[in-house]
Each structure stands twice: as C-alpha cells, then as structure tokens.
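*Asks:* Got chain A sorted already, so can you dock chain B onto it with the hints?
Here is what each chain is made of, one letter per residue.
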Amino acid sequence: DSGVTQTPKHLITATGQRVTLRCSPRSGDLSVYWYQQSLDQGLQFLIQYYNGEERAKGNILERFSAQQFPDLHSELNLSSLELGDSALYFCASSVDGQGRQPQHFGDGTRLSIL
Amino acid sequence: GENVEQHPSTLSVQEGDSAVIKCTYSDSASNYFPWYKQELGKGPQLIIDIRSNVGEKKDQRIAVTLNKTAKHFSLHITETQPEDSAVYFCAASIGGENRDDKIIFGKGTRLHILP
Numbered sequence: 001d002s003g004v005t006q007t008p009k010h011l012i013t014a015t016g017q018r019v020t021l022r023c024s025p026r027s028g029d030l031s032v033y034w035y036q037q038s039l040d041q042g043l044q045f046l047i048q049y050y051n052g053e054e055r056a057k058g059n060i061l062e063r064f065s066a067q068q069f070p071d072l073h074s075e076l077n078l079s080s081l082e083l084g085d086s087a088l089y090f091c092a093s094s095v096d097g098q099g100r101q102p103q104h105f106g107d108g109t110r111l112s113i114l
Numbered sequence: 001g002e003n004v005e006q007h008p009s010t011l012s013v014q015e016g017d018s019a020v021i022k023c024t025y026s027d028s029a030s031n032y033f034p035w036y037k038q039e040l041g042k043g044p045q046l047i048i049d050i051r052s053n054v055g056e057k058k059d060q061r062i063a064v065t066l067n068k069t070a071k072h073f074s075l076h077i078t079e080t081q082p083e084d085s086a087v088y089f090c091a092a093s094i095g096g097e098n099r100d101d102k103i104i105f106g107k108g109t110r111l112h113i114l115p
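Residue numbers (the working numbering), protein chains in the order written: chain A, 1 to 114; chain B, 1 to 115.
Hints are supplied without guarantee of correctness; some may be wrong.
27 Å max Cα-Cα, derived DSS-like pairs, lysine-lysine [said to hold, decoys possible]:
id : chain 1 : residue 1 : chain 2 : residue 2
1  : B       : 68        : B       : 57
2  : B       : 57        : B       : 71
3  : B       : 102       : B       : 58
4  : B       : 58        : B       : 22
5  : B       : 107       : A       : 57
6  : B       : 71        : A       : 9
7  : B       : 107       : B       : 57
8  : A       : 9         : B       : 42
9  : A       : 57        : B       : 42
10 : B       : 71        : A       : 57
11 : B       : 107       : B       : 58
12 : B       : 58        : B       : 68
13 : B       : 107       : B       : 71
14 : A       : 57        : B       : 58
What the simulated footprint calls covered on chain A by chain B, stretch by stretch (three residues with Cβ under 8 Å from a Cβ of chain B suffice, anywhere in the stretch; the number is not a length) [as the list claims (entries may be wrong)]:
id : region
15 : 42 to 53
16 : 89 to 101
17 : 105 to 113
Honestly, the hints are just simulated from the structure, not real lab data. Heads up, the beta-carbon is just placed ideally off N, CA and C, and yes, glycines get one too.
In isolation and in its complexed conformation, chain A is listed as follows (with noise of 0.2 Å):
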C-alpha cells in the first residue's frame, strides 16, 4: 500500500461530460502530480502541485484543470470529454516540490468514454 488514495476506482460517462477526480497524498507529503496513461503507452505527466500552489505542467489539455486544496488533497477536473480521454489517471505524492525524491502512486481511476 502506497500510501495514496484515489477515488473513485472506475468512472464510465460519456462524450461532452465533465468529470472529477479525487486523490489524497502520502501523509507528510506536500508533492501530488497526475499522470495519464492510455492503453499501451507510458506515464505521460500532466501537472504537478506543492504546497497548494501549482509547480510544474506536463502535457495538460486546456480542458482539464486541476488543483490542490488546503488538506493538501488533490482534484484533476476533466471537462468536454472525447472518446479519446479514455485512460488510466494516476495521481502520485513525494515528500518535495523539486522532483529529486520519490514519487508514490495511487491505484489510479479508470475513465471510460462512450
């Protein structure tokens, strides 16, 4: 067990629709990234936040948005969905903002498409 949570496990909706996806951190730590992997691809890293503040941006979609609350948990907003946002969503904590410690992954949330 990692140490992260995300919820919900699977989500299944369909084009045009907007969902919201949870994750809460390792304790102690300030770090929580998001990630999307598609079927047969790697981890392509989509934003990160520390401390509530945003740090860094990957390969982020204008329509998604994310953001980090004073709980330190964290909320990956995904709006006008195409079939192409199918995907597994993982959400990963580390303990710093500067990238140079581990990172530690939820179990992800599978978003279907129809």
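*Replies:* For chain B alone, kept in the frame of chain A given last:
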C-alpha cells in the same frame, strides 16, 4: 529534447533466469533514476532507485547500475519468479541545480516470466 529511451518493450525469460532492462537518458544533469513495477490493475510501485553519485545499488534479487558517461542505466533481476511478471518503467530526473527537476518516464517493458 528531454527523453528517456527504454528497451526492450517486451521481454520473456525462463523462470530462474535473469532479466535485464536498459534505459538511456539525454540530460547529462540528470541525477536521480527510479525504477517502477506496475502490476495489472495497480499503480506503479517504486522498487529501487539510484542517484548519480553511486554506480550500482542492490536490493535482494534486484540491482540497478548507472553509467553516467554513457548516460545509461539498467535494471537487473536475478533468479526470476512468476511474481516478477509485470510492466517495468525506468525514469530519470531532468533539470538542474537551480531549478526544479521533473521525472521523465520510459515507455515501459512488459516482462513475462515463463514457467
């Protein structure tokens, strides 16, 4: 650009034999190299990591080697067991001393342990 190449994409080895997965990176300033194992239906799990001031690190049946000159690092699994079957990802930090690093992942190696 920033890149981590991982080979092979698929690897099948007989149970009890060794498995080696290799990665190369492009940023000579990279100084942190974690390896992750992803089992079906799970998130990636950190199994070992190495920093640039060390050439080799071992943890039971797993070892990682780093060649900074050649900018490549490898994962070695000895005496493979069925539970080693999974997808393995290498990663490297990209960045510098005065700014935040980011971790770039390889595309993964699907390891099959054959009975």
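*Asks:* Between the alpha carbons of residue 57/A and residue 42/B, is the straight-line distance 27 Å or under?
*Replies:* holds (24 Å)
*Asks:* Next pair to validate is residue 107/B with residue 58/B; report whether the Cα-Cα distance is within 27 Å.
*Replies:* OK: residue 107/B and residue 58/B at ~23 Å, within 27 Å.
*Asks:* Within a Cα-Cα threshold of 27 Å, do residue 57/A and residue 58/B meet the stated pairing?
*Replies:* violated (33 Å)
*Asks:* For the pair supplied as a hint, residue 9/A and residue 42/B, is the alpha-carbon distance within the 27 Å limit?
*Replies:* Distance of about 10 Å is within 27 Å: holds.
*Asks:* Verify the proposed pairing of residue 107/B with residue 57/B, using a straight-line Cα cut of 27 Å.
*Replies:* With Cα atoms ~23 Å apart, residue 107/B and residue 57/B stay inside 27 Å; holds.
*Asks:* Regarding the pair residue 68/B and residue 57/B, is the alpha-carbon distance no greater than 27 Å?
*Replies:* holds (14 Å)
*Asks:* The region 42 to 53 of chain A covered by chain B? Criterion: 3 or more residues, Cβ-Cβ distance below 8 Å.
*Replies:* holds (count 4)
*Asks:* Between residue 107/B and residue 57/A, does the CA-CA distance stay at or below 27 Å?
*Replies:* With Cα atoms ~20 Å apart, residue 107/B and residue 57/A stay inside 27 Å; holds.
*Asks:* So if I understand the rule, the pair passes when the alpha-carbon distance is 27 Å or less; does residue 107/B with residue 71/B pass?
*Replies:* Holds. Residue 107/B to residue 71/B sits at ~17 Å (cutoff 27 Å).
*Asks:* For a C-alpha distance cap of 27 Å, please report whether residue 58/B and residue 68/B respect it.
*Replies:* Holds, because 18 Å separates the two Cα atoms, which is no more than 27 Å.
*Asks:* Check whether the Cα positions of residue 71/B and residue 9/A lie no farther apart than 27 Å.
*Replies:* violated (38 Å)
*Asks:* Tell me if the straight-line CA distance from residue 102/B to residue 58/B falls inside 27 Å.
*Replies:* holds (25 Å)
Comparing the model with each numbered hint stated earlier shows that hints 6 and 14 do not hold.
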